[in-house]
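Peer 1: Following this note's numbering, the numbering of the sequence shown begins with 21 at its first residue and continues without gaps.
Hints listed in this document are in silico derivations from the structure and should not be mistaken for laboratory results.
Computed from a predicted structure; not experimentally measured.
Heads up, a few of these hints could be off.
Keeping only pairs whose Cα atoms sit at most 35 Å apart, straight-line, the calculated DSBU-like set for lysine-lysine is [stated by the list, open to error]:
1. Lys105 x Lys84
2. Lys48 x Lys105
3. Lys84 x Lys179
What follows is a set of in silico ranges between Cβ atoms, one per label pair, in the way DEER data are often shown [said to hold, decoys possible]:
4. Ile89 x Val23: 21 to 29 Å
5. Gly125 x Val23: 31 to 39 Å
6. Phe96 x Asp123: 14 to 22 Å
7. Ser126 x Pro94: 35 to 43 Å
8. Arg37 x Phe96: 21 to 29 Å
9. Thr54 x Leu91: 40 to 48 Å
10. Asn111 x Lys179: 25 to 33 Å
11. Leu87 x Arg56: 22 to 30 Å
12. Val23 x His158: 17 to 25 Å
13. Gln29 x Gly80: 35 to 43 Å
14. Gly98 x Thr55: 31 to 39 Å
15. Glu47 x Leu87: 34 to 42 Å
16. Gly30 x Ser83: 28 to 36 Å
17. Pro86 x Ser107: 15 to 23 Å
Using N, Cα and C, we set each Cβ at its ideal position, and we do this for glycine too.
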Amino acid sequence: MAVNSKAVQGRRDVSFRTLDDIVADAEKLVASSTTRTIGNWPLEKLIMHLSQTIHNSIDGFQSKAPLWIRLILPLFKGRILNAPKMSPGINLPKAAVASAFPDTGSLQEALDDLRRAVARTKTERMEAVHPAFGKMTHDEWNTLHLRHSEMHLSFALPK
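Could you build the full structure based on these sequences and the hints that come with them?
Peer 2: As structure tokens, then:
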């Protein structure tokens with residue numbers, strides 16, 4: 021049974037200023053043999069999800085949100101991007117979960133892919149159309165990745 025991530029207590033307070041900060045935090049979490057997660061996803065799925073989202077912000081996404089979401093969410097894009105924290109608890113359709121949280125062989129593979137994704141942002145532009153927000157600039161994607169990663173990695177607790 022899925023955990024209601026909106027109600028999870030004891031999450032870490034995570035704050036990133038750069039995409040490299042995300043990699044550094046993920047490296048610490050992977051290096052600790054006692055890291056545990058308190059949400060719905062194991063650490064390797066969280067890291068791979070973040071990695072794939074960064075890759076997709078360069079390469080494009082294979083799916084779109086329903087039309088009503090694509091019409092409404094862009095109106096709130098600035099407010100969401102400028103919020104100090106991203107709220108957990110967005111329920112994706114089952115079909116979207118498989119692509120949003122892909123399987124990975126190991127924590128190390130997920131971490132290596134995150135490193136590759138972040139390295140790409142230094143030589144390639146993140147300007148793909150967001151499945152719900154629509155058109156986004158490189159800087160908007162950067163901000164979204166920071167807040168998105170803070171939210172997901174707050175569920176990972178090193179001891």
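Peer 1: Taking the Cβ atom of Phe96 and the Cβ atom of Asp123, is their distance within the range 14 to 22 Å?
Peer 2: 32 Å, violated
Peer 1: Kindly confirm whether 31 to 39 Å is satisfied by the beta carbon distance between Gly98 and Thr55.
Peer 2: Cβ of Gly98 to Cβ of Thr55: about 34 Å, so the range 31 to 39 Å holds.
Peer 1: Honestly, do Pro86 and Ser107 meet the 15 to 23 Å range at C-beta?
Peer 2: 20 Å, holds
Peer 1: In this structure, is the beta-carbon distance linking Ser126 and Pro94 contained in 35 to 43 Å?
Peer 2: 37 Å, holds
Peer 1: Need the status of pair Lys48, Lys105: alpha-carbon distance at most 35 Å?
Peer 2: Holds. Lys48 to Lys105 sits at ~21 Å (cutoff 35 Å).
Peer 1: Is the gap between the beta carbons of Val23 and His158 within 17 to 25 Å?
Peer 2: Since Val23 and His158 have Cβ atoms about 34 Å apart, the given range 17 to 25 Å is violated.
Peer 1: Given a hinted range of 22 to 30 Å, is it respected by the beta-carbon distance of Leu87 and Arg56?
Peer 2: About 39 Å separates the Cβ atoms of Leu87 and Arg56, which means 22 to 30 Å is violated.
Peer 1: For the range 21 to 29 Å, tell me whether the beta carbons of Arg37 and Phe96 fit it or not.
Peer 2: 24 Å, holds
Peer 1: At the C-beta level, are Thr54 and Leu91 separated by a distance inside 40 to 48 Å?
Peer 2: Holds: the Cβ-Cβ distance is about 45 Å, inside 40 to 48 Å.
Peer 1: Is the distance from the Cβ of Glu47 to the Cβ of Leu87 consistent with 34 to 42 Å?
Peer 2: 40 Å, holds
Peer 1: Just tell me: holds or violated, for the beta carbon distance of Ile89 and Val23 against 21 to 29 Å?
Peer 2: 24 Å, holds
Peer 1: Range first: 35 to 43 Å. Now tell me if the beta carbons of Gln29 and Gly80 are that far apart.
Peer 2: 37 Å, holds
Checked against the numbered hints given earlier, this structure breaks hints 3, 5, 6, 11, 12; the rest are met.
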